[in-house]
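Letter by letter, the chains look like this.
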Amino acid sequence: MASSPLRLFLALTLVLLAGCVQWREYELGERIEEARVPEPGTGITVADVMAEFGPPLRMSRDAGGYTMAWEYWEIDDYRVGFGLGFAGADFLNIDWGRARVEGDFMLLGFDGEHRLISASFEKWNRKAGGGQGVQAFVSAVGVVEIDDLLEELSQHTWGAQSLRRMPTTLNQQNRMDSGDAGLEQRGSSTWVGQHSLEN
Amino acid sequence: MLIKPRLPLILLASLLLSGCVQFSNQRGIEVGWQDEVVARLDRGSSTRADVLALLGPPSQVIALQDETVLYYLFEDADGEGMLLILYNNIEIRTHYDRAIFFFDDNDVLTDFATQVRARDGQ
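Protein chains in written order, with our numbering: chain S, 1 to 199; chain C, 1 to 122.
Mixed in with the good hints, there may be bad ones.
[To be verified] Restraint-style ranges between C-beta atoms, simulated for each label pair:
hint: 1; chain 1: C; residue 1: Arg-117; chain 2: S; residue 2: Gln-161; range: 26 to 32 Å
hint: 2; chain 1: C; residue 1: Leu-84; chain 2: S; residue 2: Phe-91; range: 46 to 52 Å
hint: 3; chain 1: S; residue 1: Arg-165; chain 2: C; residue 2: Asn-106; range: 16 to 22 Å
[Unchecked claim] Computed footprint of chain C on chain S; a stretch qualifies when at least three of its residues, placed anywhere within it, have a C-beta under 8 Å from a C-beta of chain C:
hint: 4; segment: 26-39
hint: 5; segment: 54-60
hint: 6; segment: 152-162
Simulated from the structure, these hints should not be mistaken for laboratory data. These numbers were taken from a predicted model, which means no experiment stands behind them. Ideal Cβ placement from N, Cα and C applies to all residues, glycine included.
Take the sequences, apply the hints, and build the full model.
Quick look at the structure:
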């Protein structure tokens, strides 16, 4: 008999708290080991590199040849949310979220004769954003934003790139998803550099 | 009185009741032809027309200094998730099957590479 009120309380808590935990894990591409990054000036060609790593995920021509990039991303997105119905304020929701990213990025430059002339590698494991909030009635605004990190590769939209909104289309020759004007990593700001004319 | 014996069951079901989801998402050009391509193409003799005839239109065309690159991409995402009432966990893995072909200013194949993930039955 003594446990009945406790059970009732737990049942009511489940219903009224209306809480939820979400943990989403995204893995894009394959890991790159820093020890395998090729050394420039040793006669390595693009054929050697592609035999080791496969075709690049990003590619662009540059002044004297071309640039290729390989990348790996691991994104963890944690979100917790619950309503305050148990406290008599059922019109309020509390949200908390955090995102972390871990990844590898290898950038290689080749001259016009397909010889490796530059190489750089970066490995990161860092916070990618987060927030908390109290919102009325429904949680209309997310506290974690990672959509820009999950975008498909630009190759899928290559043919449609000339049909975008006018400022973007006029900037086509400077865009870094065209293969003609350089390349950029996921999540790069669109408010500086070659994208700034589009805003 | 009927509620009492059922309440623990309801609570237990609320905690343990779980859903499972499995899903996949594909974008781009199917590249299940790796062996065939490698067998039929030769550096220095195959042409852009040969590649296009074998594989069809590419995902992207890149004009280099005096070269052309055809890039084929197939993006394959799969995942699974556990959906509890109070806790959800979803894992999504994305793989990139891809092929790249370099041609000189005479449209002759100079370099190429492919990377295709092994699948069941291949």
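Evaluated hints:
Look at C/Arg-117 against S/Gln-161: about 27 Å separates their beta carbons, and that is inside 26 to 32 Å. A hinted range of 46 to 52 Å for the beta carbons of C/Leu-84 and S/Phe-91 is inconsistent with their spacing of about 26 Å. Between S/Arg-165 and C/Asn-106 the beta carbons are some 38 Å apart, a value that contradicts the proposed interval 16 to 22 Å. Figure legend: the segment 26-39 of chain S, annotated as covered by chain C; annotation consistent (5 residues with Cβ-Cβ distances under 8 Å, at least 3 required).
Under a criterion of three residues with beta carbons nearer than 8 Å to beta carbons of chain C, the stated coverage of the segment 54-60 of chain S is upheld, 6 such residues being counted. With 6 residues having a beta carbon nearer than 8 Å to a beta carbon of chain C, the segment 152-162 of chain S meets the requirement of three or more and the stated coverage holds.
Checked against the numbered hints listed earlier, the structure breaks hints 2 and 3; every other hint is satisfied.
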